[in-house]
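Engineer: One-letter residues, chain by chain:
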Amino acid sequence: MDIFETVFIRNSLIVAFAVIGITIWFSYMLADKLTAGRIHGSAIAIALGLIAAYFGGIATGGSTGVADMALLGGIGLMGGGMMRDFAIVATAFGVQLSELKKAGIAGVISIFAGVIVSFIVGALVAILFGYTDPAAITTIGSGAVTYIVGPVTGEAIGASDTVITLSVAAGLVKSILVMIGTPLVAKYIGLNNPQSAMVFGGLMGTTSGVAAGLAATDPKLVPYGAMTATFYTGVGCLLGPSVLFFIVSAMY
Amino acid sequence: MIVYGVALLSGCLVLGMVIGESIGVALNVDANVGGVGIAMIFLVLASNSKKFKALTEGAAGNGIKFWSAMYIPIVVAMAARQDVAGATEGGILAVVAGVAAVAVSFALVPVLSKVGNSKTIEKD
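As you go down the protein sequences, you meet chains A and B in turn.
Taken in order, the first sequence gives residues 1 to 252; the numbers are from the numbering used here.
Taken in order, the second sequence gives residues 253 to 376; the numbers are from the numbering used here.
So here's chain A without its partners, still in its complex pose:
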């Protein structure tokens, strides 16, 4: 066993490539055999990844899913921010500028509408659950924007650790739901062209959720959605600890 452990840990990123490859092969087989291709293989692979992350988190008590297990440490690097950003940018290769110009106005509107609408919904839920402290309401609202905007805002305006944790959890639920729910609702919300993909990316904002959800719907739409989605967190980090916090404070 020592030999295995040594080799696996020394070659962690290579092990991750193999493990992810097998997971995807298995997921595409399931998608084909069990759902007759109705649910895309990548959606099943992502769901399996999330399930594995749950058990990894329970088993190790860590915060990075299976990456906390020594033998699967390479998944942390493969799925980390650096590789994710590199691959997201690569998906923009081959995008036609003429298509982008068409979605321009709606794209920008959707980013601001997405941040503000998600914030209002999250803040209302916090109020319904009995929160009256403006810092807490703002932080939970920001968590509904993304799980990055939540803690950024919370720390900037001095919310409690519990509230910040809740905001991360709310953002995570959103991200997971967008990942899994997008292929299921795509038909009903007209998500089948670059224009609606850019609006979708701007409204949802969670980069990982948008990219994964669109990949499972139609991989060609990923760059359009990802392009608007990547601006969303920046806009959220700007508005959350400033304008949105001032508005909530004025009301309470």
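Don't read these hints as lab results, they were simulated from the structure.
Incorrect hints may appear among the rest.
[Claimed, not checked] Straight-line alpha carbon distances no greater than 27 Å define the calculated DSS-like cross-link-like pairs of lysine-lysine that follow:
| id | chain 1 | residue 1 | chain 2 | residue 2 |
| --- | --- | --- | --- | --- |
| 1 | B | K317 | B | K303 |
| 2 | A | K220 | A | K187 |
| 3 | A | K220 | B | K303 |
| 4 | B | K302 | A | K220 |
| 5 | B | K317 | B | K305 |
| 6 | A | K220 | B | K366 |
| 7 | B | K302 | B | K317 |
| 8 | A | K220 | B | K317 |
| 9 | A | K33 | A | K187 |
| 10 | A | K220 | B | K305 |
| 11 | B | K366 | A | K187 |
| 12 | A | K33 | A | K220 |
On a predicted model such as this, the values are computed, not experimentally measured, just so you know.
Based on these hints, arrange chain B on the given structure of chain A.
Structural biologist: This is chain B only, laid out in the frame that chain A set:
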């Protein structure tokens, strides 16, 4: 050469990140403001420009396409390293806030797509 395409991709990402970080500093926000999006714009501009042909066509282009194709596997790895156990412990509030935000946002997609469409038609 495959590495030319990979180098172009890397250059776009680094440049985008530096600009995003600078905007964050300028606005006094502890965030990389749109760095990845800016990098994507650079790559789109490069792949639509004749000047960068040597870095985007043939084998060099395959170097970029490889990383584009690795996107889904990387997203699967990313899913496997999320703090899912933390989210379920976060309680019903987190679930309700996340679900409600997604439901309302989904419903707005067709509405805003129409806004964009009608504006394009008016221009035409």
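Engineer: For every hint, state whether the structure bears it out.
Structural biologist: Here is how each hint holds up against the structure:
no.	hint	in the structure
1	B:K317 - B:K303	holds (19 Å)
2	A:K220 - A:K187	holds (16 Å)
3	A:K220 - B:K303	holds (25 Å)
4	B:K302 - A:K220	holds (23 Å)
5	B:K317 - B:K305	holds (15 Å)
6	A:K220 - B:K366	holds (21 Å)
7	B:K302 - B:K317	holds (18 Å)
8	A:K220 - B:K317	holds (13 Å)
9	A:K33 - A:K187	holds (22 Å)
10	A:K220 - B:K305	holds (22 Å)
11	B:K366 - A:K187	holds (15 Å)
12	A:K33 - A:K220	holds (24 Å)
Checked against the numbered hints given earlier, this structure breaks none of them.
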